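Just need the whole structure built from these sequences, with the hints factored in.
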Amino acid sequence: MRWTNPWNRRAPEPPTGQLAEDDDCAAARAALSAQLDAESEPPLTEAITEHLAHCPYCAVWQESAHRLTRRIRLTSARTLPDRTTQLLAAVLADQSARQPVRPVYRLARWGLVTAATAQLLIIFPALILGQAGALVPAHAARELGAFNVALAVGYLAAALRPSRARGALLLAVPSTALLVVLAIVDTALGETTLAAETPHLVAVAGWALLWVLSRSPQEEPPGPGRRGSRMSSSSGQGWFLSWRPAAGRRAG
Amino acid sequence: MDELTRLAVQARRGEPSVMASFIRATQREVYSLCAYLVDEDTADDLAQETYLRVFRALPDFRKESSARTWLLSITRRVCMDELRRRIRRRRSETLVSEFNTEFNTDRPVPATDDDQGEVRELLSQLPEDRRSAFVLTQILGLSYADAGDICQCPAGTIGSRVARARGDLIQVLERGAPRRTEREVRRDAMD
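Residue numbers (this note's numbering), protein chains in the order written: chain A, 869 to 1120; chain B, 14 to 204.
Hints are computed from structural coordinates only; laboratory data are not their basis. All of these numbers come straight from a predicted model, not from anything done at the bench. Just so you know, even glycine gets a beta-carbon here, dropped at the ideal spot from N, CA and C. Treat the hints with caution; some may be incorrect.
[Claimed, not checked] Here are some chain B residues pointing at chain A (derived, C-beta under 7 Å): (1) 32; (2) 38; (3) 41; (4) 44; (5) 56; (6) 64; (7) 79; (8) 138; (9) 140; (10) 151; (11) 153; (12) 166; (13) 169; (14) 170; (15) 179.
[Claimed, not checked] Anything over 10 Å on all C-beta distances counts as not near chain B; from chain A, calculated: (16) 898; (17) 902; (18) 910; (19) 916; (20) 929; (21) 948; (22) 955; (23) 956; (24) 975; (25) 1000; (26) 1034; (27) 1052; (28) 1053.
So this is what it looks like as structure tokens:
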């Protein structure tokens, strides 16, 4: 039996198979499908209801769609293993791996390398040649040099491993603060000029960069993982390395 | 605000126990979507990639939106990236040896050791957009509107994709292979 669609004004194409559809069938099936899902879009209009009453293909389709939907809904959801622990560990590792990449900290590290280099270049004549101005004795100039090299080494150490920034800051804060105060006082007393004191700006820059770096988040691992792992490691340094897996274990 | 959205907002502070609760509450749905959209073998990796992206994006999460649809749209993006990567890989393999294309099947045949595996196998034959619409609404039980948010299309489009997916699946079940009329192919191209 060949079925022709009375609502289709064009010459009806022969359906390619039992369930083939034309445009009216497509609209009707979209509405039926939405009805199965308790959705109102697209709506079951009068034209569609009428089509459904007459189209045997859509009747078959509707029945099949019912069966299919029931089958999918009755599919037993397999019990999946709880992977929270692994997933959280991966997320925390990802987060701490990404943090140092933040541009401000990378910039601070390169800034510290630059400051250390500048510091070493400025202090070179005093340290090696004992020249630090006409009135400074050679030995005093070398001692001055030694102190400034120590500062430069502090910058480099923090640049290589940002977790050292806080330690280097302990040295940099009092020395730089005193340098600045003395520069102002001595300029006022006429012992020196501001121009002669400009090299100390390197120390000020180094101090600022150390301060930025000491605030980088990897210094302070968030959350409860910290205290427990610090207790579990015998040395004071081990806690930073061990807090991540410990946090994962606790959460899981 | 629903419970999950509240959890997501709290998890922004980076407290591992809250992050763990968020993961625990959502991991099954995320895994499921990955397994249906790509395949079961990669679902674990894709779920993990999803959570990495989720927690990277969490600071930008707005509490006005639903955490569930937000999370699932990230999951779907991860799956789409993986499918695109596979297509690219297949293409470059084709360049190396056109001969191989004959033997490169669309996807590895999934294990059908259970009920869910059978359904997954069935759904793997659907075109991607219909599969997404079908899985989101039929398996995860989302509304057309939510599925539309996730697929970035109107709810009506989801409705017609679900209807066509049903048609495809009925044909597969009843004949063993989807038959598409020429008109249908043309209409899909315009979608």
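Chain A contact restraint on residue 170(B) - CB to CB distance below 7 Å: 10 Å, violated
Least C-beta distance between residue 955(A) and chain B, which was stated to exceed 10 Å: 5 Å, violated
Reported absence of residue 948(A) from the contact zone with chain B (all CB gaps over 10 Å): Incorrect as stated: the minimum Cβ-Cβ distance to chain B is 5 Å, not above 10 Å.
Restraint satisfaction for residue 138(B) [CB to CB of chain A, less than 7 Å]: 14 Å, violated
Check on residue 902(A) being off the interface with chain B, judged by Cβ distance over 10 Å: Given that some Cβ of chain B is not farther than 10 Å from that of residue 902(A), nearest at about 5 Å, it is violated.
Consistency of the no-contact label for residue 1034(A), given chain B and a CB cut of 10 Å: With a cut-off of 10 Å, residue 1034(A) remains clear of chain B, as the shortest Cβ separation is near 21 Å.
Closest CB of chain B to the CB of residue 1000(A) still more than 10 Å away: 50 Å, holds
Residue 44(B) as an interface hint toward chain A, with CB separation required under 7 Å: Hint holds; residue 44(B) Cβ to chain A Cβ min 6 Å, cut 7 Å.
Status of residue 910(A), Cβ more than 10 Å from any chain B Cβ: Violated: least Cβ distance 6 Å, not greater than 10 Å.
Given as non-interface: residue 916(A), partner chain B, CB spacing beyond 10 Å: 12 Å, holds
10 Å cut-off, C-beta based - residue 1053(A) kept clear of every residue in chain B: Non-interface label stands for residue 1053(A): nearest chain B Cβ at 46 Å, farther than 10 Å.
Hint check, residue 140(B) versus chain A [nearest Cβ-Cβ separation less than 7 Å]: 16 Å, violated
Violated hints for the displayed structure, listed by number in ascending order: 2, 5, 7, 8, 9, 11, 12, 14, 16, 17, 18, 20, 21, 22, 23.
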